[in-house]
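The listed protein sequences derive, respectively, from chains A and B.
If you want the numbering used here, it's the 1-based position in the first sequence plus 13.
If you want the numbering used here, it's the 1-based position in the second sequence plus 949.
Since the hints were derived computationally from the structure, they do not count as laboratory data.
Small disclaimer: the values here were computed from a predicted structure and weren't measured.
We treat Cβ as the ideally placed atom computed from N, Cα and C, and that holds for glycine.
Take the hints with a grain of salt, since some may be wrong.
[Said to hold, decoys possible] As a list, the in silico EDC-like pairs of lysine to aspartate or glutamate whose alpha-carbon atoms are at most 20 angstroms apart:
# : chain 1 : residue 1 : chain 2 : residue 2
1 : B       : LYS1144   : A       : GLU242
2 : B       : LYS1058   : A       : ASP107
3 : A       : LYS27     : B       : GLU1000
[As the list claims (entries may be wrong)] Label-pair distances were calculated between CB atoms; the ranges are:
#  : chain 1 : residue 1 : chain 2 : residue 2 : range
4  : B       : ALA1125   : A       : ASN149    : 19 to 29 angstroms
5  : B       : LEU1078   : A       : ASP34     : 29 to 39 angstroms
6  : A       : SER148    : B       : PRO1049   : 29 to 39 angstroms
7  : A       : PRO50     : B       : PRO955    : 53 to 63 angstroms
8  : A       : VAL23     : B       : GLY1151   : 50 to 60 angstroms
9  : A       : ARG124    : B       : PHE1059   : 33 to 43 angstroms
10 : B       : GLY1151   : A       : PRO50     : 55 to 65 angstroms
11 : B       : ALA1216   : A       : VAL23     : 35 to 45 angstroms
12 : B       : ALA1125   : A       : THR195    : 23 to 33 angstroms
13 : A       : ARG124    : B       : VAL980    : 35 to 45 angstroms
14 : B       : ALA1216   : A       : ARG116    : 25 to 35 angstroms
15 : B       : LEU1078   : A       : VAL23     : 32 to 42 angstroms
16 : B       : ALA964    : A       : LEU319    : 37 to 47 angstroms
17 : B       : ALA1125   : A       : ASP206    : 21 to 31 angstroms
[Said to hold, decoys possible] Stretch-level coverage of chain A by chain B, calculated; a stretch enters the list once three of its residues show a Cβ under 8 angstroms from a Cβ in chain B:
#  : region
18 : 83–91
19 : 202–211
20 : 261–273
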Amino acid sequence: MASLELQGIVKRYKGQAVLDDVSLTVGDGETVVLFGPSGSGKSVLLRLIAGVVDPDAGRILIGGEDVTEVDAEFRGVGMAFQNFALFPHMSAFDNIATPLEARKARPDAIRAGVESVARLLKIGHVLSHKPRALSNGQKQRTALARALAGEPPLLLLDDPLRNVDAKLRFEMRLELPRLLATRGATVVYVTQDYKEAMALGDRIAVMAQGGIRQLGTPEQIYLEPASIEIARLFGDPTINLLDVKPSRDARGIFVGLSNVQVRLDGASEQAVGRDCVIGLRPEALSFVGPDTAGAIPVTVEAETPLNEKVVTLVRTVRGREILVSRPAGTPGPAQSAAHLAVNAKSALLFDRATGSRIGSGRRREVAA
Amino acid sequence: MEHSSPIERVLRAVALTLVVLFFMFPIFWIVLMSFQTNETILRIPPSVVFEPTLSNYKALLSGRLETAAGTLELNFLRTLWNSIFLSVTSVAVSLLLGVPAAYAFARHKFRGSEDIAFTLLSFRFAPPLLVLLPLTIYFQQIGLANTYIGLIWVYQLICLPLILWIVRGYFEDISADIEYAYRIGGHSWFATFRKIALPLAGPGIAAAGLLAFIFAWNNFVFALVLASADKQPVTVGALAFVTASGIQYGQIAAAIVLSITPTLALALYAQRYLVEGLSLGAVKG
């Protein structure tokens, strides 16, 4: 097994830095998800680790050994590509066998290796087919099988579920963690899907503009996003963001939402008097009776049932739109005039100018 | 397929027939001519009704041409063999040099790579006559004039840029990820070139090779200046039919039929490789 260490990686294309001083340590057997929008440098970083692209600066260590100057074929990693990258002129069997052939394994050992990994991925019945005869799901599994076949200590998965349909993606999202656990390999996984990132990652590295913006467990990223940008990337429906200016009185810090004082008990003193953005997750809002303290009057605009939850679009007195989500089956607003309560503990305050979150280290107990 | 009315289909068939007739007529007429004597060919008005004769082919194969002015020695088979030898060898050398070069240009963007690739292409812009004069002088000085090696070398001006540029495009069309995947699997770059890039660019290489073969086969001016009688290809050899006693149209036609046969056969044979898809469902489209 192998740990992975990236030290100050820089990569430029035509003078433009796509990776700017990226450092990351992935522990032995850990799964780290690189998450970010397209163009944030995730795929390039993965190719650098694999050794098919060379960094302009920085070092790459696999298992404590500096492999920066080592060619791809000697790094002993496995990689699955977003576009599958199967060899079109070879059968699925030969595709999966390529890493084993490279080691000059005996034919019966190759056969045994391919068949065991094919069984694991349930593609044993299509091994004789050429890639063009495979469905997208089978192609994707073949590509994964090929990456796994050599039993690499370090596995790089470049958005392998991107090009498969929603049902299969959901299945694989459940199946992959078990699959990766049986291999015990260290995994770096690239995705643009926040659900995939949360489901698969021991830790998530949120990337943007060629750098890692936040590194933490899925819980930390969701509950303590470092910036507005990151808060917006995680969660469906997306987080509600409202401009506020927190003030304080004898009872503590509060913000004014639709002329109602909403108490923020956990908020940091630094936020007082600053132009802020308050982030309210749709599930941190709930419909309450008009008499509840701190209830915000709103008008219900639309309601969308989404199987396990119901999302309601409401409009505040000042005309701002807010999304509220509640578990399906729970009672919603009876009429168009309704009131909202805010779960102050999970409210997030961001600096409006810089976008970064104000006050940290206070939310641990919320997570627990 | 889209639906079309019967009238539409009939019209399309008529149009296609007209186009095919238009383009195939010269070849058809040449074939007819090759079975006629000079007298019937030069009849006015011309007619498709005639008594076929094999005398033209006999003359070509036996190497003896009987004309009104007497007997003429012909070297047609020799020139045919020269054409085959020169074209095949030139294309082989071009493939050997051009395919790895095309791969390098497609995959490795080094300093000046575009300039070098373009310079190679620019060989095809220059009028052949422009290069011929200095080339002839050089070749005479270094003893390459009137040698097969010299001719094959000059033919690289025709074949190499063609193969380089066509094959390069095919290599560029192969997703780099496919090659990355093979290398990450533990194979050297040379194994990747041999086992992945070459087979996937196969149809392109075949197409480029065929095209280069046709261009080499049809070349006239290089061979005319640089080769003497025993090294001449058919294109130059056909000049022999313009004799003192007149132009031997029948023999020319027969020579043309014989000389287009190899390229035609090759094109028909290679066709199925040419149409074969390139990516074959490798990556998601």
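Tested hints:
1. B/LYS1144 to A/GLU242: Answer violated: B/LYS1144 to A/GLU242 is near 45 angstroms, above 20 angstroms.
2. B/LYS1058 to A/ASP107: Roughly 31 angstroms separates the two Cα atoms, so the pair is violated.
3. A/LYS27 to B/GLU1000: 73 angstroms, violated
4. B/ALA1125 to A/ASN149: 19 to 29 angstroms: 21 angstroms, holds
5. B/LEU1078 to A/ASP34: 29 to 39 angstroms: 59 angstroms, violated
6. A/SER148 to B/PRO1049: 29 to 39 angstroms: 37 angstroms, holds
7. A/PRO50 to B/PRO955: 53 to 63 angstroms: 54 angstroms, holds
8. A/VAL23 to B/GLY1151: 50 to 60 angstroms: For B/GLY1151 against A/VAL23, whose Cβ atoms are near 39 angstroms apart, the range 50 to 60 angstroms is violated.
9. A/ARG124 to B/PHE1059: 33 to 43 angstroms: 42 angstroms, holds
10. B/GLY1151 to A/PRO50: 55 to 65 angstroms: 38 angstroms, violated
11. B/ALA1216 to A/VAL23: 35 to 45 angstroms: Violated, since B/ALA1216 and A/VAL23 (Cβ atoms, about 52 angstroms apart) do not stay within the stated range.
12. B/ALA1125 to A/THR195: 23 to 33 angstroms: 31 angstroms, holds
13. A/ARG124 to B/VAL980: 35 to 45 angstroms: 57 angstroms, violated
14. B/ALA1216 to A/ARG116: 25 to 35 angstroms: About 44 angstroms separates the Cβ atoms of B/ALA1216 and A/ARG116, which means 25 to 35 angstroms is violated.
15. B/LEU1078 to A/VAL23: 32 to 42 angstroms: 54 angstroms, violated
16. B/ALA964 to A/LEU319: 37 to 47 angstroms: The hinted range 37 to 47 angstroms is violated for B/ALA964 and A/LEU319, with Cβ atoms some 57 angstroms apart.
17. B/ALA1125 to A/ASP206: 21 to 31 angstroms: The hint (21 to 31 angstroms, Cβ to Cβ) holds, given that B/ALA1125 and A/ASP206 are roughly 24 angstroms apart.
18. 83–91: Holds: 8 residues of the region 83–91 of chain A have a Cβ under 8 angstroms from chain B.
19. 202–211: violated (count 0)
20. 261–273: Since three or more residues must qualify, the claim that chain B covers the region 261–273 of chain A is violated, with 0 doing so at under 8 angstroms.
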